[in-house]
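Taken in sequence, the protein lines are chains A and B.
Just so we're aligned, residue 5 is where the first sequence starts under my numbering, counting upward by one.
Just so we're aligned, residue 536 is where the second sequence starts under my numbering, counting upward by one.
Just so you know, these hints were derived from the structure itself, not from any lab.
All C-beta atoms in this analysis are idealised placements derived from N, C-alpha and C, irrespective of residue type, glycine included.
Certain hints may be false.
To be verified - One-sided and incomplete, this derived list gives chain A residues near chain B with beta-carbon spacing under 8 Å:
no., residue
1, V78
2, E79
3, Y148
4, P212
5, A214
6, T219
7, D220
8, R287
9, R288
10, R293
11, K296
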Amino acid sequence: MADPMPMTDAPITTVAPGWAIAALAILGVLVVAAAMLDGALAARAGGGPGTVGGLVRPFGEAARLMRQRRRTTVEADRLLWRIGGAGLLVTAALMVTVVPLGEWTIFDLDVGVMWFNAMDVMVWALVWLTGWGANSAHSLVGGYRFLAHGLGYELPLMFALVAPAIVAESLNVGAVAAAQEGLWFAVWMPVAFLVYLLGVAAFSVWGPFAPAIGTDVAGGARAELSGVDRLVFEAGRYALLAAGAAFAVPMFLGGGAGPLLPGWAWVLVKTVALLAVLVWLRRRLPAFRPDKFMEVGWMLLLPAVLLQDLVVAVVAVWRS
Amino acid sequence: MDHGGHEGHEGHEGHEGMDHGSHEGHEGMDHGAHEGMDHGAHEGMDHGAHEGMDHGAHEGMDHGDMEMSPGGIPLAEGGEDRDGLEMDVLQVRLGPVLPHWPAGLVLRCSLQGDVIVKAQAELVDGRARQDDEVVGPARGIDNIASLLALAGWDDAAAEARRIRDTALEPGDGAAGSEVERLRRRVRRSRTLRWSLRGVRRLSDEDAHARGLPADAVGDTYERLMGMLDRAVAGVAATAARGTGTRPNDADRTLSTDHLAHLLTGLDLATARLVLASLDIHELLAGQAEHEVSHG
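Next up, chain A with everything else stripped away, as it sits in the complex (with noise of 0.2 Å):
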């Protein structure tokens, strides 16, 4: 597989859904990856446990929510408390069905750019759905603001998803890393890419993505989450992270193209680094409050991206 240039015709094979199985772990091996990243930079930034501690932090932590007590709220809508709170994993785990790791995939589907959107914007209900469940007034005013950041990153990721399926003239995502031929669509669309990371870090509650978990209110839409629903939530925000650095790979990196490494290799690889970046990002920017990265969204963002779609239906038209 030293071919550069993944074969144009029939690139990806379905496989068995068994190798679901395979996936989920890959997918679990980056949330546990990415926790530790983020442990190490955050030791690394507070002078506390040492680079080496904040490592092992996830474990820890994770040993500890897992032990800890179940708290729940006065007349909680348990349910959806529930789903909201385990959601985020599952729609995660949903997220990376359609990402060829290489030539395979899990379903090839032929609106796969569609089937991303549409579990990200479920990512909407279920952070929502957490803070709503507790019946606490700060768990609400996080959820609030979730959608508060909704409002502003959605439109502006949908149009930044439009653009490679536009070259691509195809929404299979299989398709769309074939289309890119020697040259990244990240490179000759960084509009579009960097309005993508944005929203990646937007629907994973992320980064300066974060007030609707902020510490102002006590934790908001998680607040009152705790033991393991915490740490079913927390993981699921990780895999959004790492679900979204993973479909960035065909859509704006090539696929699984690259010289000397197999295809799936390549897409691990460049998964991780995306996934690095993401997670690095976190620490370096201070948070996007709600109501002023709404202005953000509509009158940068969205004009900017639309305008990267206008460029590359014409780049595509003039092509043909």
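Chain A is already provided as a structure; the job is to place chain B on it using the hints.
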């Protein structure tokens, strides 16, 4: 405000049993206790006063199975929002113990969504502390750490906390260069400037009327810069062992009387940013228990 519009609120969450627009079916209810809230007679009434009503008194009313307080928590009452539509009012108490929050301060808020429409500030433990020339600057740096943490910048907040700890250690002036570096870092951040610019701008008169020191003038970003400048100067003065003038000479004590005025009308996130930006070293219990409402 048109309260005839209340009929349209039948579906309003939790209000099924007590739609005040239509009193049918409430025959068994004690309407005497209701006089103050009869919305029919509400025209021209001050809504601030309406919001100030003690809704806890409702628990005593015989509502039977009408679900007034499921699980022992009274349902949220509706109230006029800024846009004139009705919105639930939640009673939330902030403090006395909260991260990045002045110790002992209790703020009883009425929230609509996340906007503080009414607030009342109290102090749990009003003992006066006296900061010496080491603790003073360290407290200032701690306030900086709080503000940065509330602004969602974990890295810078962690750095500020580390500097605070250094500043508390006796001896070397190691904190001096560190706090200078933090100031440069914070100044470089465009995102932070964008986020804090224009938040609760205070004029000279505002600051004076609220009993705030003159350096509180400006918006939250300017106040943060002022805090950093004072921290740099304070740490330097400590290192020089009180030769030069104390830069913390401004009285950093604030009476709780003024707090509610400062924070009412802001949303939770902004209110907490503003409170942290005031660089409060000490709180004084207010003379009167003010209740401030917005609008």
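Do the hints match the structure? See the list:
no.	hint	in the structure
1	V78	4 Å, holds
2	E79	4 Å, holds
3	Y148	6 Å, holds
4	P212	7 Å, holds
5	A214	6 Å, holds
6	T219	6 Å, holds
7	D220	5 Å, holds
8	R287	4 Å, holds
9	R288	7 Å, holds
10	R293	5 Å, holds
11	K296	6 Å, holds
Figure legend: structure checked against the earlier numbered hints; every hint is met.
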